[in-house]
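The listed protein sequences derive, respectively, from chains G and L. Here the working numbering is used: the first residue of the first sequence is 130, the next is one more, and so on. Here the working numbering is used: the first residue of the second sequence is 305, the next is one more, and so on.
Hints listed in this document are in silico derivations from the structure and should not be mistaken for laboratory results. It should be emphasised that the depicted structure is a prediction, and the values quoted were computed from it without experimental measurement. Treat the hints loosely; a few may be bogus.
Here are the simulated lysine-lysine pairs, DSS-like style, with alpha carbons at most 25 Å apart [unchecked claim]: (1) K546(L) - K160(G); (2) K434(L) - K161(G); (3) K332(L) - K161(G); (4) K308(L) - K318(L); (5) K358(L) - K138(G); (6) K329(L) - K412(L); (7) K160(G) - K308(L); (8) K161(G) - K359(L); (9) K153(G) - K132(G); (10) K481(L) - K412(L); (11) K186(G) - K143(G); (12) K156(G) - K308(L); (13) K186(G) - K308(L); (14) K153(G) - K139(G); (15) K530(L) - K339(L).
Okay, here's what each chain looks like letter by letter:
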Amino acid sequence: MAKIQLNGKKITIKPKITIFDLLKRFKLNNKKVAIEHNGIIIPNNIYKKKFLKDNDKVEIVHFIGGG
Amino acid sequence: MSKKNLKVANVTLKSRLIVGTGKYKSLKETAKAVKASGADMVTVAVRRVNILDKKKPILTDYLNPKKFIFLPNTAGCFTSEDALRTLRLAREMGGWKLVKLEVLGDKKTLYPNMMETLKSTKTLVKEGFKVMVYCTDDPLLAKKLEDLGASAIMPLASPIGSGLGIQSKVNISIIIKQSKVPVIIDAGIGTASDATIAMEMGCDGVLINSAIANAKNPILMAQAFKNAVISGREAFLSGRMKKNYFAEPSSPTKGLI
Numbered sequence: 130m131a132k133i134q135l136n137g138k139k140i141t142i143k144p145k146i147t148i149f150d151l152l153k154r155f156k157l158n159n160k161k162v163a164i165e166h167n168g169i170i171i172p173n174n175i176y177k178k179k180f181l182k183d184n185d186k187v188e189i190v191h192f193i194g195g196g
Numbered sequence: 305m306s307k308k309n310l311k312v313a314n315v316t317l318k319s320r321l322i323v324g325t326g327k328y329k330s331l332k333e334t335a336k337a338v339k340a341s342g343a344d345m346v347t348v349a350v351r352r353v354n355i356l357d358k359k360k361p362i363l364t365d366y367l368n369p370k371k372f373i374f375l376p377n378t379a380g381c382f383t384s385e386d387a388l389r390t391l392r393l394a395r396e397m398g399g400w401k402l403v404k405l406e407v408l409g410d411k412k413t414l415y416p417n418m419m420e421t422l423k424s425t426k427t428l429v430k431e432g433f434k435v436m437v438y439c440t441d442d443p444l445l446a447k448k449l450e451d452l453g454a455s456a457i458m459p460l461a462s463p464i465g466s467g468l469g470i471q472s473k474v475n476i477s478i479i480i481k482q483s484k485v486p487v488i489i490d491a492g493i494g495t496a497s498d499a500t501i502a503m504e505m506g507c508d509g510v511l512i513n514s515a516i517a518n519a520k521n522p523i524l525m526a527q528a529f530k531n532a533v534i535s536g537r538e539a540f541l542s543g544r545m546k547k548n549y550f551a552e553p554s555s556p557t558k559g560l561i
């Protein structure tokens, strides 16, 4: 098991999971989102190649109402 | 200035009214107001996904990004670094390069931090972004933004969400006269007549959020703004009559009985 910080919250994930797996777990794989992994923006064509490890910081953002 | 549609960077807009999507009671109301406004461009914010409440409806369930041009903003960013991070994420998400930059300087007034704004504009233009920039109504700084490659100059009429209307007509007029890129009033408009005044002055467009969302009937107010912007634009294009200090009768004096 690995502990990561997702959108500021600590969560536990199975080892060797990718960003794609993480999105699937939160049912976000079909949504319009953008991902930052340890401060670096990850293009969506490499979600399946980006493995997560202990202490990683992931931010998932989307568009909300704003002026 | 012409009768043609408003064009920002390479995007042509049918409506000169751009609306924000914040502050509404519900997403349903947001969608209804946007539709009533006739706007084709809407501003949106970039925020963390609520990972704990996945069933909650999201903006894109109500506003289709294929039908409206989403203009990502940097609302809430107080440094160039934060603004750049936000817009780079927005570009990754949407794939578009047209964005609204706003770097705030003070929580109480939400006045733009122009030092950080200039810095960010330079970087974003270099990275290929088309930047519409929220700024103060200082003509010198507006010119500087244009020189740096801003796609639109968006001076405030008065503080964000204040509804005070255009407070510095002289400055706004100078900016309109000197700019070769569109000038869009962003922030401070309170009601439909404020938007008409802005358009009559020769602004290329107005961006409205609070004045619609905070109205008692936002959908009706959205429609009012749609008409106000059209009226103001048509009045501007018509070329208003000269002002006189004394009366001039409207009926002929010849043939009076």
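Each hint tested on the structure:
With a C-alpha separation of about 56 Å, the suggested pair K546(L) and K160(G) falls outside the 25 Å cut-off, and the hint is violated. Distance restraint check for K434(L) and K161(G): the Cα-Cα separation of roughly 21 Å lies within the 25 Å cut-off, and the hinted pair is therefore satisfied. For the proposed pair K332(L) and K161(G), the alpha carbon gap of about 19 Å is at most 25 Å, so the pair holds. Taking the CA atoms of K308(L) and K318(L), the gap is about 9 Å. The hint holds against a cut of 25 Å.
Using a Cα cut-off of 25 Å, the hinted pair K358(L) and K138(G) holds, with the two alpha carbons roughly 15 Å apart. With a CA separation close to 23 Å, the supplied pair K329(L) and K412(L) stays within the 25 Å bound. A C-alpha spacing of about 36 Å is found between K160(G) and K308(L), which places the hinted pair above 25 Å, so the restraint is violated. Between K161(G) and K359(L) the alpha-carbon distance is near 15 Å, which keeps this suggested pair within the 25 Å criterion.
Taking the CA atoms of K153(G) and K132(G), the gap is about 18 Å. The hint holds against a cut of 25 Å. Pair hint K481(L) plus K412(L) does not hold up; C-alpha atoms about 31 Å apart against a cutoff of 25 Å. As the CA atoms of K186(G) and K143(G) are separated by approximately 15 Å, the hinted pair is consistent with the 25 Å bound. About 44 Å separates the Cα atoms of K156(G) and K308(L), which puts this hinted pair outside 25 Å; it is violated.
At roughly 48 Å between alpha-carbon atoms, K186(G) and K308(L) are farther apart than 25 Å, so this suggested pair is violated. The hinted pair formed by K153(G) and K139(G) meets the criterion: a straight-line CA distance of about 18 Å does not exceed 25 Å. In summary, the hint linking K530(L) to K339(L) is supported, as the alpha carbons are separated by about 10 Å, within the 25 Å threshold.
When the structure is compared with the earlier hints, violations turn up for hints 1, 7, 10, 12, 13 and for no others.
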